[in-house]
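Enquirer: Residues per chain are reported as follows:
2 protein chains.
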Amino acid sequence: MSQNSGKASIVLKEPVYILNSASVVGTKEGQGPLGLLFDKVGEDDMFGCAAWEEAESSLQRDALGLALEKAGLEPEDISFLFAGDLLGQSIATSFGLSSYQIPLFGVYGACSTCGEALLLGAMAIAGGFAERTACVTSSHFASAEKEFRFPLGYGNQRPLSATWTVTGSGAFVLGNEKALQEMRQSGAGHGRAQITGMTVGKIVDYGLKDSMNMGACMAPAAASALERHFIDFDSQPEDYDRIITGDLGKIGQKALIDLMRERGYDISSQHMDCGIEIYDPESQDTHAGGSGCGCSAVTLSAYILKQLEEHNWNKVLFMPTGALLSKTSFNEGKSVPGIAHAVVIERITV
Amino acid sequence: MSQNSGKASIVLKEPVYILNSASVVGTKEGQGPLGLLFDKVGEDDMFGCAAWEEAESSLQRDALGLALEKAGLEPEDISFLFAGDLLGQSIATSFGLSSYQIPLFGVYGACSTCGEALLLGAMAIAGGFAERTACVTSSHFASAEKEFRFPLGYGNQRPLSATWTVTGSGAFVLGNEKALQEMRQSGAGHGRAQITGMTVGKIVDYGLKDSMNMGACMAPAAASALERHFIDFDSQPEDYDRIITGDLGKIGQKALIDLMRERGYDISSQHMDCGIEIYDPESQDTHAGGSGCGCSAVTLSAYILKQLEEHNWNKVLFMPTGALLSKTSFNEGKSVPGIAHAVVIERITV
Chain A
1 MSQNSGKASI VLKEPVYILN SASVVGTKEG QGPLGLLFDK VGEDDMFGCA
51 AWEEAESSLQ RDALGLALEK AGLEPEDISF LFAGDLLGQS IATSFGLSSY
101 QIPLFGVYGA CSTCGEALLL GAMAIAGGFA ERTACVTSSH FASAEKEFRF
151 PLGYGNQRPL SATWTVTGSG AFVLGNEKAL QEMRQSGAGH GRAQITGMTV
201 GKIVDYGLKD SMNMGACMAP AAASALERHF IDFDSQPEDY DRIITGDLGK
251 IGQKALIDLM RERGYDISSQ HMDCGIEIYD PESQDTHAGG SGCGCSAVTL
301 SAYILKQLEE HNWNKVLFMP TGALLSKTSF NEGKSVPGIA HAVVIERITV
Chain B
1 MSQNSGKASI VLKEPVYILN SASVVGTKEG QGPLGLLFDK VGEDDMFGCA
51 AWEEAESSLQ RDALGLALEK AGLEPEDISF LFAGDLLGQS IATSFGLSSY
101 QIPLFGVYGA CSTCGEALLL GAMAIAGGFA ERTACVTSSH FASAEKEFRF
151 PLGYGNQRPL SATWTVTGSG AFVLGNEKAL QEMRQSGAGH GRAQITGMTV
201 GKIVDYGLKD SMNMGACMAP AAASALERHF IDFDSQPEDY DRIITGDLGK
251 IGQKALIDLM RERGYDISSQ HMDCGIEIYD PESQDTHAGG SGCGCSAVTL
301 SAYILKQLEE HNWNKVLFMP TGALLSKTSF NEGKSVPGIA HAVVIERITV
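Residue numbers (the working numbering), protein chains in the order written: chain A, 1 to 350; chain B, 1 to 350.
None of these hints come from the bench; they were simulated from the model.
Treat the hints with caution; some may be incorrect.
A pair holds if it fits inside one copy or across any two, identical chains being indistinguishable in the list.
[As the list claims (entries may be wrong)] Cross-link-like lysine-lysine pairs, in silico, DSS-like; alpha carbons within 30 Å at most:
1. Lys209 - Lys327
2. Lys254 - Lys327
3. Lys327 - Lys146
4. Lys146 - Lys209
Next up, chain A with everything else stripped away, as it sits in the complex:
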């Protein structure tokens, strides 16, 4: 089904299709530049729940429910679920998705989790282990502030390098050729895009310790994965309509472009960052941009896949980035290592 030459990359011999997907976001994201594209925008960020963590769980539950509905599928049509979030012990996922009763692989890659889940979900299908899988990730501004930084009531100030954790969840239903044809015959849709290759990231640690500047902490990991990808696929920046990172923000974007230039690649024309796209820098000042597991997931579902569907783009490299810190590691004075996983996503041509 595929090849691996002992390197970090895989070219899928048969593509894996993104049958359908869904995005659910909070009020701030709904008021942003992509607001009209999301499937569901909450009336408030509690989503009718008693705690932030429960609200985040409900985001995941709604996103997967919507994605299945849009694909005309039931939970029992999905063989395996690949899902995760930013909270300790991934509780948004455990409490959000248990009602679906789909066999679950919990994944953790900080804000790169959407990429990791898509890689594993696609591998399970391309390896012949499943006809359909689903991938779900989420983040929530308030649960993340509580998990990583300060209680909201503390009213702390944020430096200009800080990003704002996106309240949102994206869910993706993947399938093989047979699943795509069955969906088309049922009239539930044409399929949104196809995954054709991937590069799995390594942990990269430049020793940076500023958890309020995660863009700078993650940019080296993005550069490492991107260089590896270009080498393994013998490709160039021009081969992609967009090279899309998850949540580097403005400072991380500049760092990545510089790091790639040092490696001989100019990605300034192709680079796009979901964290920069999701909020309006004028009316929604979030400092460096948006971040979180949900940031890249909802932008992929609402905006990126739409561009591929509408043939505005042919091929993108989707590369969510993660900062592998915890409040314990931060308080113990450890660095903030990064990781990034790259997914080649193309428009469906048949």
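Could you slot chain B onto chain A? The hints should help.
Expert: Leaving out everything else, chain B in the frame of chain A:
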């Protein structure tokens, strides 16, 4: 390479080999019944580090290093690493394994993580995406107490239903037929066992809320995965020399045997629990037994694989169990859902 009939189970058409493995444990585990079987026992539980979390990271680093050495391999021989631990944001893994520079898939399934990592590591090979992968998991008594319960200095009392988190890490190097033959030709070993099938677990939540009785919380998930496994593989308890859970402990074991009896299966002759085996109930009173990601991992490496290698057993079902709680979910009054993943491990016959 394999079949999936839309159910949770996979039969591997070609087995995936456990080329070699290693176990590193703390002093208490070294003094237990399996003490002499572990590859490395720490002189104290800090392992020369400044913090419990760092000590846990060093366990993972040592376990993977030893497993690679025993298999006669270098880090660059491994395509992908599947690893995780119990700490928030899996920091034991991030800081423990980054120096190996192996592409990483972070996984989280609480104490079932060793099973989850083996499933994904085997799928990556059986799917043709890698010749060799490695799987690493860990837990540490002190970092887990801090993460989930009370600071050690608080001196809290533990109820009789509580388990003792194992300080230890197990690492497993998996490979395909080609990798096995290459290792044999190099004289580095014969291969320890083969993975021939798997059943992926679902989250099962009976609404139990006692985090000091995790055996009872996890037993329903083990029963669910085990029943699914028997049905999907058309097998019976007698088909396995042992059916091995990770860390149900004495109370969970009784619950699992009862739950399976209700489903028409008597597993009382085959059932074994790593958490019961790892400590001596007389001289090392840990109440209900041992637990943690490391518990099943080090028992698999040190004891279970040895029985298969020495032909004392032919076939086991290795089924680590996880309790999907966090201190936040516990403090918010949520239940403790469980999950369990089953791996069919057989002795190598050729």
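Enquirer: Give a verdict on every hint.
Expert: Comparing the hints with the structure gives:
no., hint, verdict
1, Lys209 - Lys327, "both (12 Å within a copy, 26 Å between copies)"
2, Lys254 - Lys327, "within (26 Å within a copy, 38 Å between copies)"
3, Lys327 - Lys146, "both (10 Å within a copy, 13 Å between copies)"
4, Lys146 - Lys209, "both (19 Å within a copy, 23 Å between copies)"
The structure shown violates none of the earlier numbered hints.
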